[in-house]
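Starting from the two chains in their separate frames, assemble the complex, guided by the hints.
Protein chains in written order, with our numbering: chain Y, 13 to 235; chain S, 3 to 219.
In case anyone wonders, no lab produced these hints; they're calculated from the structure. Glycine included, each C-beta is placed from N, C-alpha and C at the ideal position. One or more of the hints may lead you astray.
Simulated restraints on C-beta separations [said to hold, decoys possible]:
| # | chain 1 | residue 1 | chain 2 | residue 2 | range |
| --- | --- | --- | --- | --- | --- |
| 1 | Y | R145 | S | R136 | 52 to 62 Å |
| 2 | Y | S132 | S | W9 | 20 to 30 Å |
| 3 | Y | N162 | S | A41 | 52 to 62 Å |
| 4 | Y | R67 | S | V216 | 23 to 33 Å |
| 5 | S | T169 | Y | T96 | 35 to 45 Å |
| 6 | Y | I141 | S | G54 | 45 to 55 Å |
| 7 | Y | A226 | S | W9 | 51 to 61 Å |
| 8 | Y | A149 | S | Q62 | 25 to 35 Å |
| 9 | Y | P90 | S | P15 | 52 to 62 Å |
| 10 | Y | D131 | S | G50 | 51 to 61 Å |
| 11 | S | E7 | Y | V23 | 50 to 60 Å |
| 12 | Y | S57 | S | W9 | 36 to 46 Å |
| 13 | Y | V49 | S | S130 | 48 to 58 Å |
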Amino acid sequence: MTSWPMFVSTVTLLARGALVSLWLAAASTAAGTVLAVLLMAPAFSRIGLGRSAYRVFVWVVRGTPVLVQALLIFYALPALDLQTGPYIAGVIVLTLYLGALIAEVIRGGVLAIPRPQWDSARSLGLPPIALLRRVVAPLVIRYSLPAYVNVCVMAVKASSVLSIISVWELTFAAREIIERTLAVFSVLGLAAGFYFVMCFGIDRLGRRVEARLALRGFAGGRA
Amino acid sequence: MLKFERWLEVYGPSYLDGLGWTAVVALVAAVAAIAWGTALLAVRLQGGRWGGRAVDAYVQLLRNIPVLVPIYIIYFGFPLIGLVWPAVVCGGLALVLQNGAYISEIFRGAYQAIDHVQFDSAKSIGLSHWHTFRKVTMPQVIVYSLPALGNQVVLLLKDTSLLSAITVAELTMHAKLLTEQTGAAYEAFVVVAVLYLALVGVFEVAFGLAGRAVRWP
Numbered sequence: 013m014t015s016w017p018m019f020v021s022t023v024t025l026l027a028r029g030a031l032v033s034l035w036l037a038a039a040s041t042a043a044g045t046v047l048a049v050l051l052m053a054p055a056f057s058r059i060g061l062g063r064s065a066y067r068v069f070v071w072v073v074r075g076t077p078v079l080v081q082a083l084l085i086f087y088a089l090p091a092l093d094l095q096t097g098p099y100i101a102g103v104i105v106l107t108l109y110l111g112a113l114i115a116e117v118i119r120g121g122v123l124a125i126p127r128p129q130w131d132s133a134r135s136l137g138l139p140p141i142a143l144l145r146r147v148v149a150p151l152v153i154r155y156s157l158p159a160y161v162n163v164c165v166m167a168v169k170a171s172s173v174l175s176i177i178s179v180w181e182l183t184f185a186a187r188e189i190i191e192r193t194l195a196v197f198s199v200l201g202l203a204a205g206f207y208f209v210m211c212f213g214i215d216r217l218g219r220r221v222e223a224r225l226a227l228r229g230f231a232g233g234r235a
Numbered sequence: 003m004l005k006f007e008r009w010l011e012v013y014g015p016s017y018l019d020g021l022g023w024t025a026v027v028a029l030v031a032a033v034a035a036i037a038w039g040t041a042l043l044a045v046r047l048q049g050g051r052w053g054g055r056a057v058d059a060y061v062q063l064l065r066n067i068p069v070l071v072p073i074y075i076i077y078f079g080f081p082l083i084g085l086v087w088p089a090v091v092c093g094g095l096a097l098v099l100q101n102g103a104y105i106s107e108i109f110r111g112a113y114q115a116i117d118h119v120q121f122d123s124a125k126s127i128g129l130s131h132w133h134t135f136r137k138v139t140m141p142q143v144i145v146y147s148l149p150a151l152g153n154q155v156v157l158l159l160k161d162t163s164l165l166s167a168i169t170v171a172e173l174t175m176h177a178k179l180l181t182e183q184t185g186a187a188y189e190a191f192v193v194v195a196v197l198y199l200a201l202v203g204v205f206e207v208a209f210g211l212a213g214r215a216v217r218w219p
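If we strip away everything but chain S, and leave its shape as in the complex, we get (with noise of 0.2 Å):
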């Protein structure tokens, strides 16, 4: 067994290398799956009812298939049809479509929470749609499904660990590689372990405190 000094010497940088990788992957991740989330749910307030039911086709086959089988799908696909993108742009590109459907849903139910008496308010003032989107809507929807937004961002930030399958070098793929070097697997995999719960502990404060900040009375 190694003292712990000399392993954090020679293994630290590796880590924390990896520790940023999925934090960054994460964070951009979500703030995008947030994004896509908001529009698929203007569609489907905006698009009509074939807009609506192409939303509803969309949400219901991302999130019954595992979030592997888009991985992979973008990863393996796309260069056959021309697209060569680093496998961190495909990876996260597939956590956003899958991530992004979730939230779309949780939107809805948010979306239910608010008083129809605003819609028709905004309509008297003469507010556009999009205004009325852009002003009444989405600040309320953000405030109600915040505390599962939260939860979804968790579960998008252990799902960054499947880009390692992909040879995306994130936390996962260094405890891989850590452990093929020094077989060392187990002590591996607890670090990361730990690294992963205070990320996720991390994500979890956050958006704690930003439920409080954005709370009214």
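Bound conformation, chain Y alone (with noise of 0.2 Å):
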């Protein structure tokens, strides 16, 4: 970077890129959430061939690296006739993934709550829908909301592996930069302070969600 325009136009590429990132991060958590609510029917069912399949899934989705799982869903979307694009595949691969991630999260704040709050809400005789909205949904999300700002903090730094499914974000964009000008260490650094603004922001932001949330006694709130 030599001359003052070519700076700044090097810092509203990398900033549409980021912002690029930062859309496919929130659309995939999105729907990784809705995916992971959805899990938790066969995670917590009465019948262990659901429970088994939810393990099956958790373990593969974990034990296998994000760019593999990108690949595979990359070239099995057009095998089975779905024209998609790098980024709606990239956004199912993040779903997936996230999904999976999150589903442990929510699954492990449901496991959180402690036993007399089932026995109360029972012996008050709550129908099934209240008991789930009114008990046992605020106490799961106070519980839960570290790992799942985590979990938030992730999505944005895996987004970074679809640049090699040529999805355009921030990584694609520094790495399509650095091919015309060579400046690797400026415009990395520029790419790595963008990453490091969105993932520190959002680890702020959720803290102070955590804050206003917090319920006396409860996760988070002194008792």
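The following block contains the structure:
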């Protein structure tokens, strides 16, 4: 980067890439959260087969690199006659990956609910929907939040892997600029700066939400 | 569809080669990352206020950027400052730098679990800082942090797949090459996924056994 206009255009391009990264992370975290909530049905199913299927899904997703999952889905979708392009494929990859991680976070939150809570809810005769809405959900959200925020940070970082399956985002933009300018340290340093701001920002924001939601006597709140 | 024996004969050696590279890179990088994490802990404990701050800044920075960025910085950047290293060394170094940051945090958590009376005892029998660190602190830190360390090493193992982006011929790279040769992408990556699962399983079992071996009553 030798001149001022070049610096400005580099930063602009990287900022656009950062927005795409953030968008990819947000979309797949949202979809992954929905997937994770749906996965709670087999995870806490009374049928053993449901629980086993859940465990196998989580085991496979957590036991293989995201890049391999990305390449598999990227190549498999056209084979299934689904023409999606890299963006949709990328969001699908991250949704499955984050869905499995978030499912484990939520499952941990459910298991952390103290037994007396279940017993008292039952003794009140709460119908199942009300039990989930009034007792389980508020507690699970508070118990799971720190780990959930971690997954959100991981979502931003994992989105960089999608650059390898030709999704144009921050890492891809940085590589593109490097190939033209050879300004490796400054361009990647700027890209690192953008990632740092996004990840650190999410982390701080998460902590604020945690403090705001803290309940007396429960996760995060003083007794 | 090829018959399985024929498939194994033709592609087996290629996968085996990739598997070997992945395993070796993961193992060497894991050992180096644990050493680097230990060094960072030592600086945090003994380096005074500024040493502690420097380690904090380092850890925060590395934790909040994706591994791919340091991998590219070292692989593309080091030749510009006259350091022409093989791709696998560049990528391995990036993995060590980042995982060392995570491991130093794991170690810090374990350090806080040690009863501080022990450090007073160490001082009272005249152990130097270095001796206390080596004989009192680290043995317990390692034992307390084994489960978390196992998780981190599995993450490192999975991250070695990113080295395929800088031409290292590990498992994922071999799958990419075979895909280009045969067009059978889907099959190639399913096989690779199974091999990763097996390798992750081996690491998990190893850490599980280690955890059982060192647990004291």
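Hint-by-hint comparison with the structure:
| no. | hint | verdict |
| --- | --- | --- |
| 1 | Y/R145 with S/R136: 52 to 62 Å | holds, 55 Å |
| 2 | Y/S132 with S/W9: 20 to 30 Å | violated, 59 Å |
| 3 | Y/N162 with S/A41: 52 to 62 Å | violated, 25 Å |
| 4 | Y/R67 with S/V216: 23 to 33 Å | holds, 28 Å |
| 5 | S/T169 with Y/T96: 35 to 45 Å | violated, 28 Å |
| 6 | Y/I141 with S/G54: 45 to 55 Å | holds, 51 Å |
| 7 | Y/A226 with S/W9: 51 to 61 Å | holds, 57 Å |
| 8 | Y/A149 with S/Q62: 25 to 35 Å | holds, 33 Å |
| 9 | Y/P90 with S/P15: 52 to 62 Å | violated, 29 Å |
| 10 | Y/D131 with S/G50: 51 to 61 Å | holds, 53 Å |
| 11 | S/E7 with Y/V23: 50 to 60 Å | holds, 57 Å |
| 12 | Y/S57 with S/W9: 36 to 46 Å | holds, 37 Å |
| 13 | Y/V49 with S/S130: 48 to 58 Å | holds, 55 Å |
Of the hints listed earlier, those the structure fails to meet are numbers 2, 3, 5 and 9, in rising order.
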